[in-house]
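Asker: These are the residues of each chain, in order.
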Amino acid sequence: MTEHSLVIDEDTCNGCTVCLRACPTQALIIRNGKAKLINDRCIDCGECVRACPEKTIQSKRDQFEIIHNFKYKLLVYSPVIFAQFKDYHDYEKVLYLFRHMGFDDVAGVDTGGYIAADIIRGFLKDKKNKKRPYIATNCSAVCRLIQSKYAGLIEHVLPIRSIADIAGEYLKLSFINTHNVNPGEVGLFYISPCPAKLIPARQGEGCHNVFDGIFSMGDIYNKLMLLMDDNSIQYTRQEMTTTKFALRWSSFGDVEHKFKDFTTLRIDGIKNVIRFLNRMENGIVEDVDFVDMYSCDNGCVGGVFAKEDPHIAEYRIKRIADKFPEKIDKTPFSCNEDTCNIRMKFKYDPRIPQKHDLKRAIQTQAEIEALYKKLPKLDCAICGSATCYNFAEDIVLRKDVTIDDCPLIKNKKLEDLLKNVSS
Amino acid sequence: MMEFDIQGGDFLNAGESSGVIKEYMKRIGLPHPFIRRVLIAAYEAELNVVAHAQKGTLHFTMEEQRVIITVKDTGPGIPDVERAMQKGFSTASSEVREMGFGAGMGLPNMKQNSDTLTINTEVGKGTEVIMEFML
Ligand SMILES: Nc1ncnc2c1ncn2[C@@H]1O[C@H](COP(=O)(O)OP(=O)(O)O)[C@@H](O)[C@H]1O
Ligand SMILES: [Mg+2]
Numbered sequence: 001m002t003e004h005s006l007v008i009d010e011d012t013c014n015g016c017t018v019c020l021r022a023c024p025t026q027a028l029i030i031r032n033g034k035a036k037l038i039n040d041r042c043i044d045c046g047e048c049v050r051a052c053p054e055k056t057i058q059s060k061r062d063q064f065e066i067i068h069n070f071k072y073k074l075l076v077y078s079p080v081i082f083a084q085f086k087d088y089h090d091y092e093k094v095l096y097l098f099r100h101m102g103f104d105d106v107a108g109v110d111t112g113g114y115i116a117a118d119i120i121r122g123f124l125k126d127k128k129n130k131k132r133p134y135i136a137t138n139c140s141a142v143c144r145l146i147q148s149k150y151a152g153l154i155e156h157v158l159p160i161r162s163i164a165d166i167a168g169e170y171l172k173l174s175f176i177n178t179h180n181v182n183p184g185e186v187g188l189f190y191i192s193p194c195p196a197k198l199i200p201a202r203q204g205e206g207c208h209n210v211f212d213g214i215f216s217m218g219d220i221y222n223k224l225m226l227l228m229d230d231n232s233i234q235y236t237r238q239e240m241t242t243t244k245f246a247l248r249w250s251s252f253g254d255v256e257h258k259f260k261d262f263t264t265l266r267i268d269g270i271k272n273v274i275r276f277l278n279r280m281e282n283g284i285v286e287d288v289d290f291v292d293m294y295s296c297d298n299g300c301v302g303g304v305f306a307k308e309d310p311h312i313a314e315y316r317i318k319r320i321a322d323k324f325p326e327k328i329d330k331t332p333f334s335c336n337e338d339t340c341n342i343r344m345k346f347k348y349d350p351r352i353p354q355k356h357d358l359k360r361a362i363q364t365q366a367e368i369e370a371l372y373k374k375l376p377k378l379d380c381a382i383c384g385s386a387t388c389y390n391f392a393e394d395i396v397l398r399k400d401v402t403i404d405d406c407p408l409i410k411n412k413k414l415e416d417l418l419k420n421v422s423s
Numbered sequence: 001m002m003e004f005d006i007q008g009g010d011f012l013n014a015g016e017s018s019g020v021i022k023e024y025m026k027r028i029g030l031p032h033p034f035i036r037r038v039l040i041a042a043y044e045a046e047l048n049v050v051a052h053a054q055k056g057t058l059h060f061t062m063e064e065q066r067v068i069i070t071v072k073d074t075g076p077g078i079p080d081v082e083r084a085m086q087k088g089f090s091t092a093s094s095e096v097r098e099m100g101f102g103a104g105m106g107l108p109n110m111k112q113n114s115d116t117l118t119i120n121t122e123v124g125k126g127t128e129v130i131m132e133f134m135l
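Line order of the protein sequences matches chains A and B. According to our numbering, the residues represented by the first sequence are 1 to 423, in order. According to our numbering, the residues represented by the second sequence are 1 to 135, in order.
Same shape as in the complex, but just chain A (with noise of 0.2 angstroms):
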């Protein structure tokens, strides 16, 4: 069973439908009145927490209070908290906050953008490999989708961790080298700007979940609004080691900047993600190196948690990266493929089941197709379908729903009855 962080509250739910409309991969219906979610669809991009008027979908998260669990506690954050507040070039008031708030040490994602792009040059340089282009491991709701619904492009994946996963194994083992102290009592915590990395992606065998619990990015700064109104706080100087590209990487996917030599892309938005992800199926992606894809607009400063704009939170962000080196000489911990677990293999995991009944396939989808021709096709979703072609997939698959759930379908029937009886 996959396990997503999105619930739907039954309780407030009026079964509006926008949800339905909102949802990239058709992932939710409305049943008696209230939206469910279907499973082995959803990729917990989020698009249906955004859409919800009543806000009835919201995501499971930890409680801040489970860092208390740990002797130590360490802390990856999204360098787009830095973009929420007005007052941005005090990223470092942001950085003192999370010490205040009981991290023994935080670290950036761009932290893991810099240790993973001289790996991912490797890959880019390797002229043998023609599994043009790689796709970056960033988005967690673009892997969920490539690993649900394309398994030709499995292949393109890069077999190496997120650069948040990274930025964590980085951390916890830098501070275990320097303190010296027992794994066990270190916890290691993400503030993440959406609801797709609120859960480990799903992941190949051998590979292990890096974070202890992971925080939603809206929680954290309500804690540092208040914080900031606090006066009796004494802000002590943090630094912060970074480069300026993996600051414009980890937050906007500025991917272009950071892989100069080489074609890169950056793609945001679901639906353009998707629709190039159709295109490399179709094998008319040829001539790019390296695709960086991102769910949300414009990167993780358009992540669902985030509460500014994301093109003014991209301009802070640069803003704040501009003060920054091109080059940092080496990291302060050698993490690499010998210390660090940064490598992962990606795996298929499909939504129809690789054994099946190809005869019976054929029919049931002749059958899908027949209903279909019959449908309005308007997608109006008052069936409870998010579309014309998913509810003749329902009466024939799910079969909790019959033609007469169509109101054009039912209407029509019933002005026929009425001109037979009046005739």
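For the record, the hints were derived by calculation from the structure and aren't laboratory data. Check each hint, because a few of them may be wrong.
With a cut-off of at most 27 angstroms between alpha-carbon atoms, the simulated DSS-like pairs for lysine-lysine come out as follows [claimed, not checked]:
#, chain 1, residue 1, chain 2, residue 2
1, B, Lys87, A, Lys130
2, A, Lys131, B, Lys26
3, B, Lys87, A, Lys128
4, A, Lys345, A, Lys127
5, B, Lys26, A, Lys373
With the C-beta cut set under 7 angstroms, the calculated list includes, among others, these residues of chain A facing chain B [unchecked claim]:
#, residue
6, Ala151
7, Asn182
8, Pro183
9, His356
10, Lys359
11, Ala361
12, Ile362
Each pair of labels, with its calculated beta carbon distance range [said to hold, decoys possible]:
#, chain 1, residue 1, chain 2, residue 2, range
13, A, Glu369, B, Asp80, 22 to 28 angstroms
14, A, Asn39, B, Phe89, 51 to 57 angstroms
15, B, Arg66, A, Glu155, 39 to 45 angstroms
Heads up, the beta-carbon is just placed ideally off N, CA and C, and yes, glycines get one too.
We have chain A; now place chain B with the ligands onto it with these hints.
Answerer: Positioned in the frame of chain A, the structure of chain B with the ligands alone reads:
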């Protein structure tokens, strides 16, 4: 089972039928490497009509053991099929080449990706390409 019209010279819309065929094959759960073979061959056959003929159709038939792609056109026909089958042979115009088509690899790729390839052609009348893909 499924039929698509192909318009000569319409490079813009070439490949739309492949998208529909692909969705169908994915829905019934065919293995990906098989889907890929069919798509490459179908796309090349369609492109040949677009590049070398005036008008044609693409048929997709799904049977329990195989897929059949039939591409028919009412174009100029192929005078020397053996020669046309050679890697790199092409009569494509320089304009077509500038668009990135016409490398002379279409027919060889179709042969490589299908299990059987049959070409019936008559100069001045047209060409019929039948490809069979065994599951
Ligand atoms: N449907 C067709 N009608 C007429 N000529 C064709 C057709 N298909 C292929 N040919 C001829 O065969 C040649 C080789 O085809 P192909 O291997 O696909 O290479 P290309 O299309 O790149 O030229 C073409 O240049 C053309 O002369
Ligand atoms: Mg050709």
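Asker: Give a verdict on every hint.
Answerer: Now for the hints, and whether the structure bears them out:
Taking the CA atoms of lysine 87 (chain B) and lysine 130 (chain A), the gap is about 21 angstroms. The hint holds against a cut of 27 angstroms. The straight-line distance between the Cα atoms of lysine 131 (chain A) and lysine 26 (chain B) is roughly 21 angstroms, inside the 27 angstroms bound, and the hint therefore holds. Proposed proximity of lysine 87 (chain B) and lysine 128 (chain A) is supported: the alpha carbons are some 23 angstroms apart, at most 27 angstroms. Straight-line distance between C-alpha atoms of lysine 345 (chain A) and lysine 127 (chain A) comes to about 21 angstroms, which keeps the hinted pair within the 27 angstroms bound.
Distance check on the hinted pair: lysine 26 (chain B) and lysine 373 (chain A) sit about 20 angstroms apart at the alpha-carbon level, within 27 angstroms; holds. Among the interface hints, the one on alanine 151 (chain A) holds; its C-beta lies about 4 angstroms from the nearest C-beta in chain B, closer than the 7 angstroms criterion. Because the smallest distance between the Cβ of asparagine 182 (chain A) and any Cβ of chain B comes to about 46 angstroms, over 7 angstroms, the interface hint for this residue is violated. For proline 183 (chain A), the interface hint is violated, the least distance from its beta-carbon to any beta-carbon of chain B being 40 angstroms, above 7 angstroms.
Given the 7 angstroms rule on beta carbons, the hint for histidine 356 (chain A) holds: about 5 angstroms separates it from the nearest Cβ of chain B. About 5 angstroms separates the beta-carbon of lysine 359 (chain A) from the nearest beta-carbon of chain B, less than 7 angstroms, and the hint is met. For alanine 361 (chain A), the interface hint holds, since its Cβ comes within 7 angstroms of a Cβ in chain B; the closest pair sits about 4 angstroms apart. Evaluation of the isoleucine 362 (chain A) hint against chain B yields a held restraint, the C-beta minimum of about 6 angstroms falling below 7 angstroms.
For glutamate 369 (chain A) and aspartate 80 (chain B), the hinted distance range of 22 to 28 angstroms is not satisfied, since their beta carbons lie about 41 angstroms from each other. Between asparagine 39 (chain A) and phenylalanine 89 (chain B) the CB atoms are about 52 angstroms apart, so this pair conforms to the stated range of 51 to 57 angstroms. Between arginine 66 (chain B) and glutamate 155 (chain A) the Cβ separation comes to about 26 angstroms, which falls outside the hinted range of 39 to 45 angstroms.
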